[in-house]
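Engineer: Residues per chain are reported as follows:
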Amino acid sequence: MDPTTLIGPSSPLGYPAPYGFLVFFKVLGFTLHMIPMHLWYTGILLAMLLQWRGGEETRRLSRRLMQPMPILIALGINFGIVPLLFTQVAYYKVFYPATILMAWPWVSIILLLTLAYYGVYIYVAGLRSEGATPARWRQAIGWVTAAFFLLIGFFFSNAFSLMTNVRAWPDLWLRESVAGAPLGTALNTDDPTLWPRWLMMFALALTTTAVFIIVDAEWLASRESAEYRATARRVALTVSTLGVIGFALTGSWYVFGTWPEEVRAEMMRGPMRVLTGLTALGPGLPWLLILWQWRRGGTRARAAATALAQVLVLALNAISRQIVQNVELRRFLDVTAEPVHMQWSPLILFLLLFVAGLGVVAWLLGRLRTTQSVNPSG
Amino acid sequence: MHYPWWYVPFLTSPMLIAIIAVLHVLVAHYAVGGGLFLAVETQYAYRQNHREYLAYLKEHAWFFILITVVYGAITGVGIWWTIGVASPLATQTLIHIFVFGWAMEYVFFVLEIVSAFIFYYFWGRLDPKTHVRVGWMYAGSAWMSLVIITGITAFMLHSGRWPDERTFWAGFLNPQFVPQVLARTGGAFLLASLYVYLHAAFKAKDPALRDLIAARSARPALLGSLLIVLGGIGWFLTLPESAKAALVAASTLNILVVLLFAVTIAVFFMLYLGPYRNPGWLSPGFALLFFTFGLVAITTGEYIREAVRKPYIIYNVVLGNQIYAEKVPELRRIGYLEGGTWTKAWVSHHYPQVLNDGRIDPPRLLMLPEEDQVKLGEVLFLHHCNDCHAGRRGFSAVGQLLRGWTPDMVRTVVKHPEKAHFFMPPWAGTPEEAELLTKYLLRIAHPRPGGMRFGEER
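Same order as they appear, the protein sequences are chains A and B. Position 350 of the first sequence, counted from 1, bears residue number 350 in our numbering, the numbering being contiguous throughout. Position 300 of the second sequence, counted from 1, bears residue number 1300 in our numbering, the numbering being contiguous throughout.
No lab work stands behind these hints: they were computed from the structure. One or more hints might be untrue.
[As the list claims (entries may be wrong)] Incomplete in silico selection of chain A near chain B, CB under 7 Å:
1) M1
2) T4
3) L6
4) P16
5) A74
[Said to hold, decoys possible] Covered stretches of chain B, going by a simulated chain A footprint (3 or more residues, C-beta under 8 Å):
6) 1063-1070
7) 1082-1094
8) 1114-1126
9) 1333-1347
10) 1355-1362
Since the structure is predicted, the reported quantities are computational estimates derived from the model, not experimental observations. Ideal Cβ placement from N, Cα and C applies to all residues, glycine included.
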């Protein structure tokens, strides 16, 4: 069966804004989403490991990782809405069929996320009421929560790899359907890109978590001892090293072992070669900065530079991923060729609200900074 | 028609939307009204320097975050998740029309999250003026979220001028918009008070404090009741004719409307006699009963609101079975199997012999062996009918509905479902395809129940 016969016609409504505008917000949103998402993706697992096997200082670090987790999860979910919204606008022809083919795992994300989120609250409540070492049952919940987030990541990797793996649709559909209606039980596990993509995101998440540990130690842990900060830098270096090695291994597997010829040709020539190279080598920069801090000691400026470098790494990954996604889809459809029916006034209103919203958030954070400096013991 | 149809045995996939939507709406209104409650009452408590009340409000804010920021936010995303897989064409259409509406709502959503966390986590660390201001920021953002999302959901019930003008504002400012904003704002006030009563009944140990909470929350609840009545009247007056007719014609809806009125009147009386006139009545049992009535009322109201939309998902734009209303004549001409992306692929793969010059030739469908015709009838049933009906067993199963029907009766309804029941979508296929569907339906129909006598046997 020709898989392109499974792609529906274009929407008569067209895009409400030029493709470039939609994809800009998709990439920006995904970059912002990755920051908190990475922290729960590997941060919770790391916190559980440190709690289980760590000494006094590393358990303190475990606690510091978990305490802001409820807020990070809320922000991560929130930031995830934007890329998903613009994905549905620009990639609707492949997004809906892919998620319908795996509807049950896709919908189960909501249940898993709810349980995991409450799991985090239960664990954090234990940190407040029971001190540094929460009760065993709370620790068990912490482990289950970490596993749920890994599973959610696996389902996301499935959905987004299946979105571009249109070639696999016919077999999955014919195998798991009733009279042409999918059962919603398919997963994209036969796709060779799935596993390295999932693992690569895990490795990249480790590097973000390492950077968070550094930033937390220098900016937010002013009441902790110098010994704690040294421990944090050591753990951050270990985690970052593991992340960078993992990223190199899984990235090589992904690029050299699974990329189709046309993707490799596109990403390895001209200006794209520079982008691919920067994306591949990018995680090395924060790692070097963490290494430097481990050897020479940390400062707020160094930690801020490390954070900035990591955001750059994530942005490079999001941009490269976006380009690869379009190349993967190119043989099936051209997402840039849809008609555009501009919605000027809602677009302008959105942009105005967006800027105003940023202003309000800045004002709120400014108020907090003032309050904290007035009342540092709070 | 452009996307695969997700088959969920017994339940049907759209019922999953209904389940998640109901679970969400019970908290979503509290997320709006509760924010206003916290802003107003914190301001009052600061002004009165009422330390016990402030302590209670902090405790309530924690309860509020646990319920709304976690459960409310995720189930809200869950609705979006589920409509994408259970109602993809309608979702695609809504997103293409209202993407900037959702984007605007997202901005307010960010403000909600940030201000909610600051409001709670910096309690006692912000000066009262700033603290109250943050509370109002949350309340304002949450209400704006309600306004924006209501514009979109109201559009589904009445698309207004959009089919002619096809602009964002023609869709957003639809006839149902203002009535539904009023009713939902009222629902938010009322439901928030019920949540407050429930929480206070268990958590506020001091009777004087409990009485204060009961009395103060009665006013927004009564105002909410008034807004619900006003919004409800406006809602009814601006309903499309088909929705008004469905409200009267469907016996299930009749019962639900009576239930809604009965429970709502009970809530009003309980509110007036209880917290408003006799705050001391606020015991855990009373609060729990009150809360349950509130949930029943809002669940029933939401169910009615959804049900009267039939046969559309988006009035006059997208039918319940994922067909653009304007495409029905074309599908009747070329055939449903030919017009649907995935049905065409399925038929081409399994029955290439029915193709003529790359297109499905309807007369050839009836030349297939009987079993294959029934199989194709099942394909038609799942894609054309399964959005509302399960097969042999399950939710509104046709196998049960057609008990004892003759082939001619089934054939007539298949060809003209919208004439048999105005709340059903029209048949969107060729006469040959209607025959295939008829054969399948007769195969799964249960026999007429035995033992029924009408005098002829004597």
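Engineer: Work down the list of hints and note, for each, if the structure agrees.
Structural biologist: Comparing the hints with the structure gives:
{"no.": "1", "hint": "M1", "result": "5 Å, holds"}
{"no.": "2", "hint": "T4", "result": "10 Å, violated"}
{"no.": "3", "hint": "L6", "result": "6 Å, holds"}
{"no.": "4", "hint": "P16", "result": "5 Å, holds"}
{"no.": "5", "hint": "A74", "result": "5 Å, holds"}
{"no.": "6", "hint": "1063-1070", "result": "holds (count 3)"}
{"no.": "7", "hint": "1082-1094", "result": "holds (count 8)"}
{"no.": "8", "hint": "1114-1126", "result": "holds (count 9)"}
{"no.": "9", "hint": "1333-1347", "result": "holds (count 6)"}
{"no.": "10", "hint": "1355-1362", "result": "violated (count 0)"}
Violation of the numbered hints given earlier is confined to hints 2, 10; the remaining hints are satisfied by the structure.
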